[in-house]
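A.B. asks: Sequence:
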Amino acid sequence: MSILSIVLIYVVGLSQTISAWISQYKHPGVPVKYTHNQSHQAFLTPFKFFSAQEGAKKKEAVLCEYDQSQISKTVNLPKNIWPSIREVNEAGIERQKRVQKYWEGENVYHKICEFKFYKHVMRNKKFKDIIRHFKIIYDGPPYANGRPHFGHFLNKTIKDVFVKFFLLQGRIPLMIPGWDCHGMPIEHKILKMYNSEDKLNECNKRMMEEYDVKEQEEQEEIVENPEPVKSQIRTYIDDQYLESEEDRKKRLDYIKEEKEWEEKEIYRNCTEEQINMKKWSEFVRNKCKEFAYRSLKTQMNYFKKGGIWAFWDFYYATYHSAFEREVLEAFMNLKENKHIYQARLPQMFSSKSKSVLSDSEILHRKEKVLTTYVAFKVDLESSTSMQLNHLKRKMKDLGVKDLKLVAYTTSGYTIPGNKGLAVNKKGRYHLYQKGDCLYIMNDFILNNADDEFWAAFKHVESAETQGKEVGSTSDVLSSGGKNGSDKNGNYFLEGYVLEGLEYYDPIYGNKYKVYAEDFVDVNKGTGIVHLSPAHGFEDFECIKKDTRLKEAQNNGPLEYCNLFDEDEVYYPHIHYHLQGVNIRDVDEKVLYSLIGDDLVRCEYREKEVDIDWRCENQVHTRLTNQYCIALPPKQEIMDLIKSINITPNSGERYLKNIINARTRDWCISRQRFWGTPIPYEGNECMLKTTKASYGDADRLWKRSTRALDIVDIWFEAALVRQHTLHMADAIMNKMMYNRGAREVKDFASMLEAADKYVIEGQDQHRGWFQALLIVGMLLDKAKVPFDNLFSHLFVTVNGQKLSKSKMNTNLTTAEKGTRQLIRVNVDIHNKNVMETKNFKENRKVDEELKTIENRITPGHDVCNLLNPEHPRLMDDNSGDSLSNMYFNVDVLRTLACNNDFLTHDLDLTKDTLRSSKQTHKKIVNCFKYITSILAQNKDRYKEKVEPGTPREIGGYNKGGGDARVGITITNPLVVHNATIIREKRSKAHESYKLNALDTYFLNLAYSLAEQSSEAYRSGQFFKVLGMAERFMTNLSNLYFSYIKNFIYILPLRHEKNRAIKYVLNKVLYTLMKVLAPIMPHTCEDLFMTLNPDKVSLFEERWPRRPKTLPNVTEEMGTALTIRKMINRDHANTGSRILRLEESSMTSVLPKLESLGVDLRLMFNVAGVELCRNLDDAAESPDLKYRLEESGYRKCKRCWLYREDVEEGLLCDHCRRTMEAAAGGAQSH
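Those letters in the sequence shown? Residues -19 to -1, 1 to 1209, per mature numbering (1 follows the signal peptide of the UniProt record, and there is no 0), in order.
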């Protein structure tokens, strides 16, 4: 065999030398033929003498035929190690349970962040140099009101993709989850539970006493090295981590004495009715807290099962004492700096929520409303205008009795409160005559000439237009001076002429003035506005300038007040016709009884009205005593917005429009029970300083003699920024403590320099986004509240946006609780200023929620939404394989990300879900195939460490010492068929003999990583999936097709096989990292299968293209274009010879030959020939080619058509391989 090998090498070398010599002298008409050299897998130019020698050798050789079983033993088949379950979705569900158990049990996210932080500390030494590695993601708090739906899943998935992408980029993303728990929706549910019909002043004493059963408190447990508890900040850390038994006894005695003193003080000066109301309000607040706790725990479980990474142990809820403390301090800070003031002003009020509302809590909707035209008789004696005096004289001469101003309003129920009329100073007002009265309005009648009603009002025109009819009113008024006639000859009066005119109101006969105001739109209605100062914002601002008019308890001639109560029923003293009447019942009949003939017209029209966005009822405006934030100058807000990166670009315009639309200061006080109380009882501040303590919110509520106002939930939400930074400070100090540090650092101020992200739905432009901006500016103008803003659209089903109100109709008892009150999260004051657990009560609720935790998970809501006729909550052991796609979280995440959610709603349908399922399946199959090739010669990994044994993985070499520098894992991820296949170094490509196709696909993989990085940063996740799919399609159609002859046929350790496996290794790890943020369970499980002794894929770094990697994109691009042309027009070309005419396009083929590409495999043909001239060729703009049958036979082993295959036998290369295998078996 050695002699034969030497001869073969000699012959091959000789053929190369001679072919190079003859190629220079070949006849121009002779085609150049490319065939495959079996030893080097390169293209050579054989000649007749060489072919003749080979043919002679074949004839002399002893031919033997091999059966299929012998051939199969020499073929390298793939070795499947992943996934262990065949059905893709069933494997996905099994996988996510294992992976999530590992993530939560080992606190993987926390440990990775801690390790990255510590590495940066050891390298940089200075903390300020480390902050640039941090990314802060604010969690716009979802409302803790029942179970979540796929819209919440979309939002949390977007945030989670950013978190995992930043980790792979080497950053330290801090995602601290939170919940908005205060506000009317929860309170409404609780009041409804006790049949109080949402009326706060109805004290349900019987039910309160019946269901407020106080169980004996369980003794506080002593926990060694306790974890931070549920969103509270440990603000003090020292070496004495555990308090002594004596200190603990003193602390508990202090708490007991403090509670006893409070009980006596609270009720000392209260009447029985006040005591009952105070207890009732406390009962409602405690019950709201319980409901919020149940909801947020349900939602937390849902998000965890969605693969969402966050610091769940540090979550915040707006009812937590740490958060309420920050709210109180922010309020006091703004009050002290005059940014918050108290005033009695008109505010929008909801009769259902029984509270005022801010602009951000108002929706606009079209409804049919009663539009009213009312005439107000002018007192011409009050006129000082020359034009009006002239008009008065002419009216008297002609017997025209009255001059009336006609006002238009959509709130006719406020007419009894009229205290003035407003016109536009620059507007033009026309005269119309009906009977013996003249009416002043704008020109809207001229635009409604076809209306039979308004046709009765004759427009007063100049004499020239009327033909100078003797005795007509127009003839008399034609000389009106400056206000006499416009260019059309129409008689008009300018608005400023009407200013100061007095008129009589049609109900009481009181005399009021006409005001000229810029807010009046002369083209709207009649151009004249009726002013009711208690029930209109502009009305109030206009009337308060008139010192004659004052607010009072009654609606007098010079006094104004609210006309109706909070239930929208008129007060008895307003008018005897209105006693017991609701403003929504005011119709034409009621108005006529009040106004009489001065009611010109009433009609119902579609108009835009203000709606309470939570209760969906129409709101009204009323005078209330409230706390308001004085908004900063709009230009300053606009300048701040310019400094923020807002995606998409339309979001910036939308946010600016909303800011510009704000015409009033922000009212932040609400009249409810459930919320952070404003620390003022009347004009007296209940806090001694601007600083608050933990538990102050509840103490203030208990100590007040009446129900305090609470702050607007948007004001609370605006403080998420401050609270998140404080929580991040606590987390970072804990990380340092875990690494042996004992000095507490102020990381909160340092983190102001970190990149901060806000990611929420588009509806938050009118809520949370502007609240963050306004409050952030007022607290500290020098700090930008956030640096990056992403606003996404929504999830729709059948064209309808998903909402909790439509989905939370059948909450389980575990979710909503019973009438029995269970107190949760009781604050205990201690030296470490941290909220401790009330173990017994919290555990009771947690146990109830545990019974449903496997039923309320991502997918169950989708299953029910898409199968409304057969809704179900499937248990884990249902075994319904057809429904598995609903519960495969990575499929759902693919669905969420495979949509341009920044500009389009996600339409949730079975088709979109099936499409995402197919995308996920394609990716899994690609991973499976590559892994099976890489595992061909690998043995299964056997764990040497006993389960449950803590071990340190990885680590940072500090340079000696006994400091903990690695990541400690106790129970690694349980994987099936673990096989160590490490990622190859990027620079290792130089040690492998890669051909041009290998290099091309390596470059494609690195380009995929680079482009995906940009897509992730811009929030366009759908581009990542699209690029990955196209890459995998090219990989499958070209590279997999090309390499199968090598990986199956060549020896496993052949240099070509090693080169291919290097490429596949880099491609696999690149794909895993690129897709891991979207499909974390799939990629994590595969990574840990190949790296069972590591911590997580997300500890790795993003792929980087080595600078020394050659770029053959242009050459390969040309070759692929040729391949595409051939494959487009022809099928089954494997047995044919491809003849190409030399051209600029085919000139790259010799270079690819020199770079080791087998053009026969590339073009899937039996041979490739280049010709100077080619007749009868198929033509395209840049290429001439012809395919001819080769007459070659198919090799039984490699299945390729080759010239050297005898009938029913093997090609030369496969024959030599079989002979070598047979020889090896004999010697063995």
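The set of hints was computed from the structure by calculation and includes no laboratory data.
For clarity, every value in this text was computed on a predicted model and none was experimentally measured.
Incorrect hints may have been included.
Said to hold, decoys possible - Okay, derived cross-link-like pairs now, BS3-like style, lysine-lysine, Cα gap no bigger than 25 angstroms in a straight line:
1) K764 <-> K797
2) K100 <-> K715
3) K974 <-> K1132
4) K494 <-> K505
5) K505 <-> K623
6) K825 <-> K100
7) K415 <-> K358
8) K333 <-> K588
9) K797 <-> K170
10) K109 <-> K683
11) K54 <-> K1175
12) K492 <-> K525
13) K903 <-> K683
14) K965 <-> K831
15) K637 <-> K683
16) K1025 <-> K1177
17) K82 <-> K285
18) K406 <-> K170
19) K373 <-> K525
20) K382 <-> K347
21) K415 <-> K382
22) K109 <-> K726
23) K531 <-> K492
24) K316 <-> K373
25) K797 <-> K825
26) K909 <-> K726
27) K373 <-> K406
28) K237 <-> K669
29) K965 <-> K923
30) K1025 <-> K1175
31) K316 <-> K683
32) K60 <-> K1105
33) K1075 <-> K92
34) K78 <-> K902
A.B. asks: Against this structure, judge whether each hint is valid.
C.D. replies: Hints, one by one, checked against the model:
1. Note on K764 and K797: the hinted pairing is violated, with a Cα-Cα distance of about 41 angstroms set against a maximum of 25 angstroms.
2. Restraint check for K100 and K715: satisfied, since their Cα atoms lie roughly 15 angstroms apart, inside the 25 angstroms limit.
3. Of the pairs offered as hints, the one joining K974 and K1132 holds, with about 16 angstroms between alpha carbons and a cut-off of 25 angstroms not exceeded.
4. The straight-line distance between the Cα atoms of K494 and K505 is roughly 21 angstroms, inside the 25 angstroms bound, and the hint therefore holds.
5. Pair hint K505 plus K623 does not hold up; C-alpha atoms about 35 angstroms apart against a cutoff of 25 angstroms.
6. Taking the CA atoms of K825 and K100, the gap is near 41 angstroms; set against the 25 angstroms cutoff, the hint is violated.
7. This hinted pair checks out: K415 and K358 have alpha carbons roughly 14 angstroms apart, not beyond 25 angstroms.
8. Our distance criterion of 25 angstroms between C-alpha atoms is met by K333 and K588, whose separation comes to about 21 angstroms.
9. For the given pair, K797 sits about 9 angstroms from K170 by alpha-carbon distance, which is consistent with the 25 angstroms threshold.
10. At roughly 44 angstroms between alpha-carbon atoms, K109 and K683 are farther apart than 25 angstroms, so this suggested pair is violated.
11. Of the supplied pair hints, the one linking K54 and K1175 holds, its CA atoms being roughly 19 angstroms apart against a limit of 25 angstroms.
12. About 17 angstroms separates the Cα atoms of K492 and K525, which keeps this hinted pair within 25 angstroms; it holds.
13. A hinted pair counts as satisfied when its Cα atoms are at most 25 angstroms apart, and K903 with K683 does not qualify at roughly 61 angstroms.
14. With a C-alpha separation of about 44 angstroms, the suggested pair K965 and K831 falls outside the 25 angstroms cut-off, and the hint is violated.
15. Pair hint K637 plus K683 does not hold up; C-alpha atoms about 42 angstroms apart against a cutoff of 25 angstroms.
16. Between K1025 and K1177 the CA atoms are separated by roughly 15 angstroms; this keeps the pair inside 25 angstroms, and the hint holds.
17. In summary, the hint linking K82 to K285 is supported, as the alpha carbons are separated by about 10 angstroms, within the 25 angstroms threshold.
18. With a C-alpha separation of about 50 angstroms, the suggested pair K406 and K170 falls outside the 25 angstroms cut-off, and the hint is violated.
19. With a C-alpha separation of about 31 angstroms, the suggested pair K373 and K525 falls outside the 25 angstroms cut-off, and the hint is violated.
20. Distance restraint check for K382 and K347: the Cα-Cα separation of roughly 40 angstroms exceeds the 25 angstroms cut-off, and the hinted pair is therefore not satisfied.
21. Note on K415 and K382: the hinted pairing holds, with a Cα-Cα distance of about 11 angstroms set against a maximum of 25 angstroms.
22. Distance hint between K109 and K726 is fulfilled; the C-alpha atoms sit about 11 angstroms from each other, no more than 25 angstroms.
23. The hinted pair formed by K531 and K492 meets the criterion: a straight-line CA distance of about 15 angstroms does not exceed 25 angstroms.
24. About 55 angstroms separates the Cα atoms of K316 and K373, which puts this hinted pair outside 25 angstroms; it is violated.
25. Only pairs whose Cα atoms come within 25 angstroms are accepted, and K797 paired with K825 is accepted, the gap being roughly 14 angstroms.
26. Between K909 and K726 the alpha-carbon distance is near 48 angstroms, which puts this suggested pair outside the 25 angstroms criterion.
27. This hinted pair checks out: K373 and K406 have alpha carbons roughly 21 angstroms apart, not beyond 25 angstroms.
28. Annotation: proposed proximity of K237 to K669 holds, straight-line Cα distance about 23 angstroms (limit 25 angstroms).
29. Under the criterion of a C-alpha separation no larger than 25 angstroms, the hint pairing K965 with K923 is consistent with the structure, at around 21 angstroms.
30. Simply put, K1025 and K1175 have alpha-carbon atoms about 16 angstroms apart, close enough for the 25 angstroms limit, and the pair holds.
31. Note on K316 and K683: the hinted pairing holds, with a Cα-Cα distance of about 23 angstroms set against a maximum of 25 angstroms.
32. Using a Cα cut-off of 25 angstroms, the hinted pair K60 and K1105 is violated, with the two alpha carbons roughly 32 angstroms apart.
33. Proximity of K1075 to K92 is assessed by CA-CA distance (about 13 angstroms); at most 25 angstroms being required, the pair is judged to hold.
34. For a cut-off of 25 angstroms, the pair hint linking K78 to K902 stands: about 19 angstroms separates their Cα positions.
The earlier numbered hints that this structure contradicts are 1, 5, 6, 10, 13, 14, 15, 18, 19, 20, 24, 26 and 32.
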